[in-house]
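Go by the hints and put chain B onto chain A.
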Amino acid sequence: MGLTIREVKKFSKQKGRLFSAIVRPALWLFVFAAGVGSSKGIDPGMLNFYPTQNINYFEYITPGLLGMVLLFSGMQSSLSMVYDREMGVMKILLTTPLPRWYLLISKLFSGTMLSVIQAYCFLIICIPIVNIFTPFITSYFGWIIAFPAIILFSLMLGSLGLLLSVYIKQLENFAGTMNFVIFPMFFISSALYPLWRLFDNGALIVYYLANLNPFTYGVEMIRAASLGKIYYEGVLIVFICTLVFILLAIRGYNPQNSIFKKKRSN
Amino acid sequence: MKEKLNILRVSKIKKYYNDFLALDNVNLNIKSGEFVALLGPNGAGKSTLFSILSGMIQADEGDCLIDGNNIIHKSVDALKKLGIVFQQPTIDMELTVIENLFFHARLHGISLKNLKHNITKELETYKLETKINKKVRTLSGGERRKIELIRALLHSPRVLLMDEPTVGLDPKSRQDLLSKILKLKNTKGLSVLWTTHLVDEAEKADKIIILNKGKVLKEGNHNSLIREASTNTLGEAFLKLTEGKK
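First to last, the sequence lines map onto chains A and B.
Read in this note's numbering, the first sequence has 263 at position 263, and its numbers run on one by one without any break.
Read in this note's numbering, the second sequence has 1240 at position 240, and its numbers run on one by one without any break.
Treat the hints as calculated values from the structure; they're not laboratory data.
Bear in mind that the values here come from a model prediction, so they are computed numbers and not experimental data.
The beta-carbon is built from N, C-alpha and C at its ideal position, and this holds for glycine as well.
There is no bait here: all hints are sound.
A short list of chain A residues far from chain B (calculated; beta carbon distances all over 12 Å): (1) R24; (2) L47; (3) F49; (4) I125; (5) F136; (6) I144; (7) Q170; (8) F199; (9) I205; (10) N211.
Calculated lysine to aspartate or glutamate pairs in the EDC-like style (CA-CA distance at most 16 Å, straight line): (11) B:K1204 with B:E1219; (12) B:K1031 with B:D1206; (13) A:K10 with B:E1094; (14) A:K13 with B:E1099; (15) B:K1213 with B:D1019; (16) A:K13 with B:E1094; (17) A:K9 with B:E1094; (18) A:K169 with A:D84; (19) B:K1081 with B:D1067; (20) B:K1074 with B:D1063; (21) B:K1031 with B:E1219; (22) B:K1135 with B:E1094; (23) A:K15 with B:E1094; (24) B:K1131 with B:E1143; (25) B:K1014 with B:D1063; (26) B:K1031 with B:D1067; (27) B:K1127 with B:D1176; (28) A:K10 with B:E1099; (29) A:K9 with B:E1099; (30) B:K1127 with B:E1143; (31) B:K1183 with B:E1122.
The shape of chain A in the complex, shown without the other chains (with noise of 0.2 Å):
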């Protein structure tokens, strides 16, 4: 809880934090679909939840915009871990009589809560002006049923950001680190277009690194969840993620695997 207000404080001291966070996606989707897309629509291939075989493209990349809202803020709040051990909260943190493990996972939920506001302040904002122009087949109401979707999938970049935070020591590090890990997992998945095309181009290698990148399988899952659908195989591949990387994390922080230790050689 401690921890919980601590972040929405801050949040809300951070005025631009928001307000970037809603502009980014809304770019791409207000100027890269608009001259990305075409009149004719996307064929969303073989995985397909929408019930035609040709969707709008700014519908298309939504799904891909919402993942990388909660990217960049799963992002974000593991950067506050990284800035916390530069400032030495994060010593207090430590200390406190609470299990380590209790710590990472309420400090996972703090962000998470904090990415889920952000990604719906984005679709609320958002959605709206682009369906005065271009309706789309995903309801208001799918957005609502997709909540369980988009909170699954920001514990997942939540916790793989709790886990690079374990070996990022400062923050330079950070930035450059994020270059290597926001881009490619946003660019390599199926946030922009659908994986047939980069199969159907030649990049097979892109393709099937797509095919392996966790944020594929999230960014499909919200879009079936918009619809009302469950994509069994996403939820599964997610979750799994979820554990995984928040198991390594609390691992990372346990005073045996130490971020504060040195190795003994001898």
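This is chain B only, laid out in the frame that chain A set:
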């Protein structure tokens, strides 16, 4: 009976950093209501020992018990008994004084009822009551250190660990902090472990433990250490003991 009096017990601690032996068979006991100064030159292993005592890192060998609770195996119970002031600032600069203290209170499960009133009273004793809603970033180093002390005592710990708490403070603030700790020891029976490399800070301790190159060289009170080293002052005794071992 004597065992019960030891609120903090460190036995046969060893800690390696790669091939370097940072702590070698360190033993240390602190009784209830005792003010112990851990005195050592830079690189003696004070901060490593402090990190082990606070559960930040694990010793390679040996045990550390706080009020009978092992810091690794019963860390939650052990940490409840500890108040900690670290050498480097560990306070959230972006939050206000009251937000920082409330954050700590929530982490320790302290009831928020009357908490603000109690905090205000405590801040008054440090003449900081007007700073309660100020961002910590706007406070001076001495003021921040006092806030950290208030925070460390908020959950009524039995042992207070202070790792070179006067680093970066002016002489007046140093003196104020030391006086406050001595007062707490006398009025509340608080046990204190104060690590320092400054001899004048150690002089007022009930027991002084001299640590050098990861080993406890001597322990005793101010007079006994001077007598054993056959010197006139604690400073001379400290130099003789630490340099004699080179």
